[in-house]
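Colleague: Okay, here's what each chain looks like letter by letter:
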Amino acid sequence: MPISRIQRLLEWAALLFFVAVLAGPIAVTVVSSFKFERDIFTYVPVVAFAPTLANYADLLRDWPKFWSAMANSAVITLGSVVLVLAAALPAAYAYSRFATRRLGLTTLFLLAVRMFPPLIITVPLFPIFTGVGLDDTHLALVLLYGAFQVSMATLMLKTFIDAVPAELEEAAMIDGCSRPQAFFRILLPAIRPGIVASAIFVTIFAWNDYLFALVIAVERSVTTPVVLGEMLGMIGENNVGWGTVFAAATVQMLPVMGFVWTVQRQMLRGAAAEGVKG
Amino acid sequence: MFTLRHRAVPWLLVSPPLILLTIIVLIPEIVALVLSFTNFALGRSWRFVGFENYGRILTDPAFWSAFRVNVVFVIGAVALEMAAGLFLACLLARRFALQGLWVTLLLAPMAMSPAVTAVIWSYLLSFNIGPINYLMGLAGLERQEWLSSLSLTLWVVIFVEFWAALPYVVLMLYPARTILPQSLYEAASIDGASGWTKFRYITWPLMMPAFTVALIFRIMITIRAFGLVWILTGGGPHRATEIISIYLYKIGFRYWQFGAAAAIAWLVLLLTAAIAAHQVWRMYRRMFVEHRPW
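Which chain is which? The protein sequence lines are A and B, in order. In case it helps, my numbering puts the first sequence at residues 1 to 278. In case it helps, my numbering puts the second sequence at residues 279 to 572.
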């Protein structure tokens, strides 16, 4: 066999090795969520098994707390995306279109503040939120997630707006559009991929965060990752089995995976369509 | 109100993010600094105590243990993920059939919450039913208490952090590798350069800037790791995996000593500030100075 063939084989082997290491554990978890407890609780892994939805039925019946946490996570994630886009879009527009040296300097603040380790602010925020009656509310987490994502969203949207020639909006304004109209009708559609990408980053952060939720959400606003952590800690007691926890983990991860996947496809299709139109 | 001529309009437009960050991040930072000089604890009267908190922490063996564990954790995880990330970026540049599928699968751990990652690896590494111990048995090796061993668990936690973080490194390095001009490699091939020579004299120097940015980002992010380690081991066994964030969390939210916790927080902040300041300045220059928009 020539050396180039051997090298190619080794490349494939390395690729499949890393795919197995990174995606394999996730696949095992999702697959195991469809196993009966007796097929999970064996020393020798059961590969051929009768699939069951029993774990999901258990999750539905025994864990109303998990489902209310899912609802909390959904509300908080949606709120965070809306807050970040509402704050970041106008700011990104200003940074791109009205850039001056002094305005640009404020991005130093945006960047610097984001570099602080989040754990630091949890210490004073807890008494502050309690003081203003925001403790254990959805709004508290929305504000936190918004604050930690708004800088990156602003700077990312700025680069997208930079790529759209200002002449487009100016032409529309000469044709009688007001500046806000030009912003909404001309610019927003042009930077849709950037808006989608920012929304994805915020969604992943808010949906998956554990630290802030653990400290701020005590009961009413508790989110899915915190409940998942509790469930994991209870395995073996109170009849909490691995199967139920696998089902919960699968339900928690699926929306984000599905969301990212569909949106990616849409973005690819959108890009392809633009290309055809020329 | 919306006339360009009005000089206040741009400032009005950029103010919401600035206000949000001031209220949610900056003011709490300053409050934390003040708290760190008090003996503040929930539901108790408090007074200023000077540098007492800092003195107590800097003489607490548990802090230095956490500091050591944190250094090993950051160096171990970041070294692994940067090396593997660079390797994968170069490997993916060789192009494979179904490239999109492989990239998607390699990036999959990015969508996982620390809680889900902890569930996955708690099961895989479980002593009794974990598939990894089963594989150890097949290979004729002894089963291990992966998550409660004084000598092993820190390395296990480093590996899991590596698993969760590798996709982020690939996401940063893969695009940087794909934009390198193919002509350079063709020219080198014509001159008879070996694969290693091409990597050493083309890929490595040209990817250095992206590699440095990714490295600094990963160090900063890994220093603040918390959730994954907390759910996986709780910092145990004993203090074998107790990184600084867990030490802080216990003092702040287990013992409710907010003054002391705030002091730890500011020590962490000072430790990361040097790295962060450099990075912020570079990003600012890249975005606003090097191609002046004004």
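A few of these clues could be false.
Footprint (simulated), chain A over chain B, 3 or more residues, beta carbon under 8 Å [said to hold, decoys possible]:
id: 1; region: 326-338
id: 2; region: 491-502
id: 3; region: 525-533
id: 4; region: 537-546
Interface residues of chain B toward chain A, partial, derived using beta-carbon atoms under 10 Å [claimed, not checked]:
id: 5; residue: P295
id: 6; residue: E307
id: 7; residue: I308
id: 8; residue: L385
id: 9; residue: L428
id: 10; residue: L430
id: 11; residue: G470
id: 12; residue: G505
id: 13; residue: I509
Simulated from the structure, these hints should not be mistaken for laboratory data. Idealized CB from N, CA, C, for every residue including glycine.
Colleague: Each of the hints needs a verdict: does it hold here or not?
Modeller: Hint check results:
no., hint, verdict
1, 326-338, "violated (count 0)"
2, 491-502, "holds (count 3)"
3, 525-533, "holds (count 4)"
4, 537-546, "holds (count 5)"
5, P295, "holds, 5 Å"
6, E307, "holds, 6 Å"
7, I308, "holds, 9 Å"
8, L385, "holds, 8 Å"
9, L428, "violated, 21 Å"
10, L430, "violated, 18 Å"
11, G470, "violated, 14 Å"
12, G505, "holds, 3 Å"
13, I509, "holds, 5 Å"
In terms of the numbered hints stated before, the structure departs from hints 1, 9, 10 and 11, listed from lowest to highest.
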